[in-house]
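Turn these sequences into a full structure, and let the hints steer you where they fit.
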Amino acid sequence: MALIARRLAGHLARGFVMILVVATISFFIINNIPGDPMAARYEKLVEQGMSPEAAAQAVKVLYGFLPDGTLWQQYTDYMTGLLHLDLGMSVSRPGTPVLDVLTDAAKWTVLPVLVGTLLSFLVGIVLGVYAAIKRTGKLGDALAISGSLLHGIPQYVLAMLLVVIFATLIPILPADGTVDILFEPGFNAGYLGSLAEHAVLPVVTYALSAYGGWILAMKSSVVTVLGDDFILAAELRGMKRSIVFRYIARNAILPLFTMLALSLGLLLGGAVFIEKIFNYPGLGWLLISGVQDRDYGLMGGAFLLITVGTIIANIVADLFYTVIDPRVRSGEEGS
Amino acid sequence: MSATLIPEAAPAASAMRRNFWNGVWRVMKRKPSRMAGVVIIAGFIVMAVIGPILLPEHLPGNASAITQPPSWDHWFGTDPQGRDVTSLVIKGSRYVLLTALVTAIITVVAGTAIGLFSGFKRGRWDTVLMRLTDMKLTIPGLPLLLVLATVWKFGNPLQMGLVLGLLGWGGVARAVRSQTLSLRERGFIEAARGLGLSTTHIIGRELLPSMAPYIAMNMLIAVTGAVYSQVGLFFLGVLPYESDNWGVMLNLAVFQAGAMITPNALGYLLAPLLAILLLTLGIVLVVDAMDEIFNPRLREE
Numbered sequence: 001m002a003l004i005a006r007r008l009a010g011h012l013a014r015g016f017v018m019i020l021v022v023a024t025i026s027f028f029i030i031n032n033i034p035g036d037p038m039a040a041r042y043e044k045l046v047e048q049g050m051s052p053e054a055a056a057q058a059v060k061v062l063y064g065f066l067p068d069g070t071l072w073q074q075y076t077d078y079m080t081g082l083l084h085l086d087l088g089m090s091v092s093r094p095g096t097p098v099l100d101v102l103t104d105a106a107k108w109t110v111l112p113v114l115v116g117t118l119l120s121f122l123v124g125i126v127l128g129v130y131a132a133i134k135r136t137g138k139l140g141d142a143l144a145i146s147g148s149l150l151h152g153i154p155q156y157v158l159a160m161l162l163v164v165i166f167a168t169l170i171p172i173l174p175a176d177g178t179v180d181i182l183f184e185p186g187f188n189a190g191y192l193g194s195l196a197e198h199a200v201l202p203v204v205t206y207a208l209s210a211y212g213g214w215i216l217a218m219k220s221s222v223v224t225v226l227g228d229d230f231i232l233a234a235e236l237r238g239m240k241r242s243i244v245f246r247y248i249a250r251n252a253i254l255p256l257f258t259m260l261a262l263s264l265g266l267l268l269g270g271a272v273f274i275e276k277i278f279n280y281p282g283l284g285w286l287l288i289s290g291v292q293d294r295d296y297g298l299m300g301g302a303f304l305l306i307t308v309g310t311i312i313a314n315i316v317a318d319l320f321y322t323v324i325d326p327r328v329r330s331g332e333e334g335s
Numbered sequence: 001m002s003a004t005l006i007p008e009a010a011p012a013a014s015a016m017r018r019n020f021w022n023g024v025w026r027v028m029k030r031k032p033s034r035m036a037g038v039v040i041i042a043g044f045i046v047m048a049v050i051g052p053i054l055l056p057e058h059l060p061g062n063a064s065a066i067t068q069p070p071s072w073d074h075w076f077g078t079d080p081q082g083r084d085v086t087s088l089v090i091k092g093s094r095y096v097l098l099t100a101l102v103t104a105i106i107t108v109v110a111g112t113a114i115g116l117f118s119g120f121k122r123g124r125w126d127t128v129l130m131r132l133t134d135m136k137l138t139i140p141g142l143p144l145l146l147v148l149a150t151v152w153k154f155g156n157p158l159q160m161g162l163v164l165g166l167l168g169w170g171g172v173a174r175a176v177r178s179q180t181l182s183l184r185e186r187g188f189i190e191a192a193r194g195l196g197l198s199t200t201h202i203i204g205r206e207l208l209p210s211m212a213p214y215i216a217m218n219m220l221i222a223v224t225g226a227v228y229s230q231v232g233l234f235f236l237g238v239l240p241y242e243s244d245n246w247g248v249m250l251n252l253a254v255f256q257a258g259a260m261i262t263p264n265a266l267g268y269l270l271a272p273l274l275a276i277l278l279l280t281l282g283i284v285l286v287v288d289a290m291d292e293i294f295n296p297r298l299r300e301e
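Residue numbers (my numbering), protein chains in the order written: chain A, 1 to 335; chain B, 1 to 301.
Don't take every hint at face value.
Unchecked claim - Label pairs and their computed distance ranges (CB to CB):
no., chain 1, residue 1, chain 2, residue 2, range
1, A, V110, B, W21, 36 to 44 Å
2, B, W125, A, K240, 46 to 54 Å
3, A, A5, B, A191, 43 to 51 Å
4, A, V308, B, A36, 41 to 49 Å
5, A, R294, B, G61, 45 to 53 Å
6, B, W21, A, S220, 27 to 35 Å
7, B, G155, A, G190, 42 to 50 Å
To be verified - Once the Cα atoms are required to be at most 30 Å apart in a straight line, the calculated DSS-like pairs of lysine-lysine come out as:
no., chain 1, residue 1, chain 2, residue 2
8, A, K60, A, K107
9, A, K134, A, K240
10, A, K60, A, K44
11, B, K136, A, K107
12, B, K136, B, K153
13, A, K138, A, K44
14, A, K134, B, K29
15, A, K60, B, K153
16, B, K29, A, K138
17, A, K44, B, K153
18, A, K138, B, K31
19, B, K136, B, K121
Simulated from the structure, these hints should not be mistaken for laboratory data. Each residue gets a CB set at the ideal place from its N, CA and C atoms; glycine is no exception.
What follows is the structure in structure tokens.
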């Protein structure tokens with residue numbers, strides 16, 4: 001337990017530094033956008049008859065810092081705002097704080113990403129074991145090739161192909177938005193059914209784009225374990241196949257849990273493409289619309305939140321790994 | 001002593017090089033799929049170098065034939081301005097490949113240098129560099145590129161390649177470092193050190209050649225990654241539309257011509273998609289040969 005606590009402390013410290021770095025990056029980008037949108041807004045407000053002080057305050061509400069302060073002052077203003085979870089106000093959605101827009105959108109990213117990841121993890125692992133055991137046969141070959149192919153195709157190509165096939169050529173699934181507007185929002189079958197129906201293609205895209213990685217990794221992991229002495233020993237002692245199988249699976253699956261973190265991070269980043277193509281209003285979608293609508297507070301906030309999500313996923317996966325692997329748990333010093 | 005060595009070393013080195021290329025050729029010949037990969041990549045390179053020279057700078061549009069389905073005149077149909085889609089793909093290939101090349105060079109040079117330095121020196125610098133690498137690997141690359149796109153317009157493929165390269169060396173640095181750490185404990189490195197050979201010699205002549213397959217493989221992965229991210233960035237529509245890039249075509253096909261709804265524009269969407277898939281396929285087929293080229297034990301029959 002002490003080890004886990006120490007690891008957690010280390011992770012949290014590193015995560016904090018990372019967030020600081022990313023926040024600094026987004027501050028400098030917002031501060032250096034060509035055309036100086038802040039100054040333009042400030043001048044427009046002054047022209048509309050606002051006093052310079054009030055106009056400066058109004059700009060600060062939007063961007064998180066005063067338009068005419070020194071760089072250091074602007075930076076500390078921005079960071080203090082972040083510490084108070086104040087990400088400014090959205091420009092493209094007047095009167096709404098960026099934080100509200102983001103928390104609203106987060107569910108459309110987090111749920112499909114999680115479901116897609118778990119789905120691809122389970123399917124990829126089961127088929128990966130199969131591909132390893134049957135690696136000399138035709139079926140094993142076919143599974144490995146399917147893995148390499150899906151691993152190689154970029155997410156947006158996959159998403160577009162799925163839309164063309166399942167929404168245009170054979171129109172059986174919706175590929176636009178999160179729910180049919182015809183249904184009354186609430187806890188009724190029509191609404192929930194429509195939600196589920198709209199989620200199918202995005203979730204399948206997430207799952208397919210991650211599946212290739214899982215099946216390939218699981219296959220090579222199982223092949224490595226199969227060569228280990230303890231498997232041979234177990235077989236020689238005449239243990240039941242099912243027990244030997246459990247030995248193999250338990251040992252082979254361990255390294256894959258570290259990959260889980262990377263995969264979650266990758267999928268969160270990939271949400272940009274999938275949400276754009278399926279018009280699914282999650283964090284990635286907000287990030288793009290922030291860039292396109294010149295809503296820089298929203299852009300910075302979405303970027304920060306996606307990064308924080310990736311960092312948290314990394315920490316959780318590493319701790320999870322510590323808990324399930326007895327060798328790491330009892331080891332005096334983890335790497 | 002060294003004076004007599006130098007004239008001998010030069011022909012030996014050139015003979016080694018000739019042997020190497022002979023080996024490459026033998027390995028490539030062994031499987032037809034590898035030759036196919038080489039042919040595909042060579043085809044794309046020819047297309048990128050010669051294609052834009054043969055085509056006019058501004059492709060002629062035909063207002064009476066906009067968004068046509070594929071036909072004999074236009075193999076993949078025409079775009080909403082009546083331009084030939086095939087020519088657009090050919091023109092776009094230069095930006096795509098040039099960016100990929102620049103990215104690959106920067107990724108490999110920076111990644112290898114940092115990984116080697118880190119793994120060879122170890123100690124404090126190693127810790128600092130690897131923490132930095134971890135950070136780079138944790139920040140999701142695509143969202144960062146999107147945010148950068150507000151400041152940078154990437155009008156020029158070299159700029160795009162530079163940014164992608166600077167963002168992308170983390171993976172290579174990790175791989176090279178772990179290779180260096182395990183190789184430096186092996187007998188031949190210790191023997192070289194025992195002979196009093198210089199660090200430059202040990203790194204240049206002993207370490208790097210043994211890591212060559214990893215580096216070559218990582219370079220090809222970097223090329224595919226660069227193709228995907230730049231086309232993706234243009235596809236998302238956050239960069240100017242004037243550039244000749246497959247991503248611009250994808251964006252216009254999906255969000256302007258409605259290629260995912262109207263079958264007429266399907267060719268406009270499929271042409272750049274096929275180009276991406278074909279290029280990836282070529283690279284994947286060649287990667288398969290890398291291990292055999294650089295691993296002498298696999299090369300001997």
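Hint-by-hint comparison with the structure:
no.	hint	result
1	A/V110 - B/W21: 36 to 44 Å	52 Å, violated
2	B/W125 - A/K240: 46 to 54 Å	52 Å, holds
3	A/A5 - B/A191: 43 to 51 Å	45 Å, holds
4	A/V308 - B/A36: 41 to 49 Å	45 Å, holds
5	A/R294 - B/G61: 45 to 53 Å	31 Å, violated
6	B/W21 - A/S220: 27 to 35 Å	31 Å, holds
7	B/G155 - A/G190: 42 to 50 Å	49 Å, holds
8	A/K60 - A/K107	28 Å, holds
9	A/K134 - A/K240	19 Å, holds
10	A/K60 - A/K44	14 Å, holds
11	B/K136 - A/K107	26 Å, holds
12	B/K136 - B/K153	22 Å, holds
13	A/K138 - A/K44	69 Å, violated
14	A/K134 - B/K29	29 Å, holds
15	A/K60 - B/K153	27 Å, holds
16	B/K29 - A/K138	24 Å, holds
17	A/K44 - B/K153	26 Å, holds
18	A/K138 - B/K31	19 Å, holds
19	B/K136 - B/K121	21 Å, holds
Comparing the model with each earlier hint shows violations of hints 1, 5, 13; every other hint is respected.
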